[in-house]
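Novice: Residues per chain are reported as follows:
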Amino acid sequence: MTSLAAILIRDMRIAIRVGGGALMGVLFFLVVVTLVPFAIGPDLALLKRIGPAILWLAALLASLLALDRLFAADHEDGSLDLILMGRAPLEIVVAVKGLAHWLTTGLPLIIAAPFIGLFLNLDAQAAAALVLTLLVGTPALTFIGLIGAAIAVTLRRGGLLLAVLVLPLTVPVLIFGVAAANAAVVGPVPFGTPFTILCALTLASLVVGPFAAAAALRQEME
Amino acid sequence: MRLSAFDLACRRGGRDVFAGVSFSVAAGEGMTIRGRNGAGKSSLLRMVVGLVHIAAGRLDLEGGDPELTLGEQAHYLGHQDALKPSLSVGENLRFWSAFFGTSSADITEPLAAVGLDALIDLPAAYLSAGQRRRLSIARLVAVKRPIWLLDEPTSTLDAAAQARLGEIMRAHLAAGGLILAATHSMLELDSARVLQLDQASFLQVGKEQA
Numbered sequence: 001m002t003s004l005a006a007i008l009i010r011d012m013r014i015a016i017r018v019g020g021g022a023l024m025g026v027l028f029f030l031v032v033v034t035l036v037p038f039a040i041g042p043d044l045a046l047l048k049r050i051g052p053a054i055l056w057l058a059a060l061l062a063s064l065l066a067l068d069r070l071f072a073a074d075h076e077d078g079s080l081d082l083i084l085m086g087r088a089p090l091e092i093v094v095a096v097k098g099l100a101h102w103l104t105t106g107l108p109l110i111i112a113a114p115f116i117g118l119f120l121n122l123d124a125q126a127a128a129a130l131v132l133t134l135l136v137g138t139p140a141l142t143f144i145g146l147i148g149a150a151i152a153v154t155l156r157r158g159g160l161l162l163a164v165l166v167l168p169l170t171v172p173v174l175i176f177g178v179a180a181a182n183a184a185v186v187g188p189v190p191f192g193t194p195f196t197i198l199c200a201l202t203l204a205s206l207v208v209g210p211f212a213a214a215a216a217l218r219q220e221m222e
Numbered sequence: 001m002r003l004s005a006f007d008l009a010c011r012r013g014g015r016d017v018f019a020g021v022s023f024s025v026a027a028g029e030g031m032t033i034r035g036r037n038g039a040g041k042s043s044l045l046r047m048v049v050g051l052v053h054i055a056a057g058r059l060d061l062e063g064g065d066p067e068l069t070l071g072e073q074a075h076y077l078g079h080q081d082a083l084k085p086s087l088s089v090g091e092n093l094r095f096w097s098a099f100f101g102t103s104s105a106d107i108t109e110p111l112a113a114v115g116l117d118a119l120i121d122l123p124a125a126y127l128s129a130g131q132r133r134r135l136s137i138a139r140l141v142a143v144k145r146p147i148w149l150l151d152e153p154t155s156t157l158d159a160a161a162q163a164r165l166g167e168i169m170r171a172h173l174a175a176g177g178l179i180l181a182a183t184h185s186m187l188e189l190d191s192a193r194v195l196q197l198d199q200a201s202f203l204q205v206g207k208e209q210a
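Chains as they are written, first to last, in this note's numbering: chain X, 1 to 222; chain V, 1 to 210.
These are computed hints drawn from the structure, not numbers from a lab. From the three backbone atoms N, C-alpha and C, an ideal C-beta is built for every residue, glycine too. Do not rely on the hints blindly, as some may be mistaken.
Examples of chain V residues lying across from chain X (beta carbon under 7 Å, computed) [to be verified]:
hint, residue
1, Leu51
2, Ala55
3, Ala98
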């Protein structure tokens, strides 16, 4: 237990210090969302209709931003060798690293989303629905991303490969996340239907992600 | 405790690195592994801790903890120092002690053993190569594990630090540990045995395959 707590604290510390990825994700999120009204123009009705989709897309890209360094940094400085020699199972270590990544990049996005949503004419009800879908959906993005991060661990420019590998896998999460957020704003589907499927996708990725990522890491280290 | 290897073979990237390597090291003994570049010194050490696949042969540990793998009872000091530049000296060492399960242990004593106790709050980014290496050595002192696998431990160390490492290694052997070290420089270990990896027989194995 102490070894897992140690990893969680270390990864979060690194993320929030200079050169870490925590602040970068929120800033990227802010910049992308801010650009949209400039590109589309001041059509408030249109912005309100596409707002949840834009915020979800920006959150998806922002949460992938620091993900390629998740295992690559540990691989390059030799930490991964030592982690493999620890007594904690690799699957759990991978899950804890995913949790640390989500706490430092996913969670700040969710907190920032209702404020940044003002740029897209989101009212209180839509913002609440969006925060709820992001809260449930972003862990799935991180844990699916773990697989790509583990596969790209030995590659020098793994970030691009990571995006190519991971983005297609996140399509279902995107579809049901945006559908649930939209359902709360415009209908006609009840909010619960897509939201339940989003919950299921997240639960499945929480289980599959760490095992697949650990298997990929073991394969790479041979 | 006795670590024995029988007819170990290593294949990396489709090439035979070595074959037929056997050795036996008992508690309190050190063994230096020698050989030209590419003879497989690092691969042999990584094989012992389970980071490189064993192509043939086997490794036995008598008298160890049967619940744990060989790698879980060993320390590996590789070419990389496994330090995070944004964390301080103390945070880096405290993390590895906690990860390897000795969170209550005091880290000032291991840091003093390698002469870094004055730099405990300095970010590791500001350390020199030799200081980084000494900080990794402090990990071996902080967490008790019986088997030490050292890959070029004296590279980047100055004469005083090498002498200090010699003391630490002798203390580990005296406490019943065992050490395998791949090195070019002579480590002043009493009763250190030598495994020469680039003997003619291994070279021929490589040639036949090529």
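Novice: Are the hints correct? Go through all of them and say.
Specialist: Against the structure, the hints:
Among the interface hints, the one on Leu51(V) holds; its C-beta lies about 6 Å from the nearest C-beta in chain X, closer than the 7 Å criterion. Given the 7 Å rule on beta carbons, the hint for Ala55(V) is violated: about 11 Å separates it from the nearest Cβ of chain X. At a threshold of 7 Å, the smallest CB-CB gap from Ala98(V) to chain X is about 4 Å, leaving the interface hint in force.
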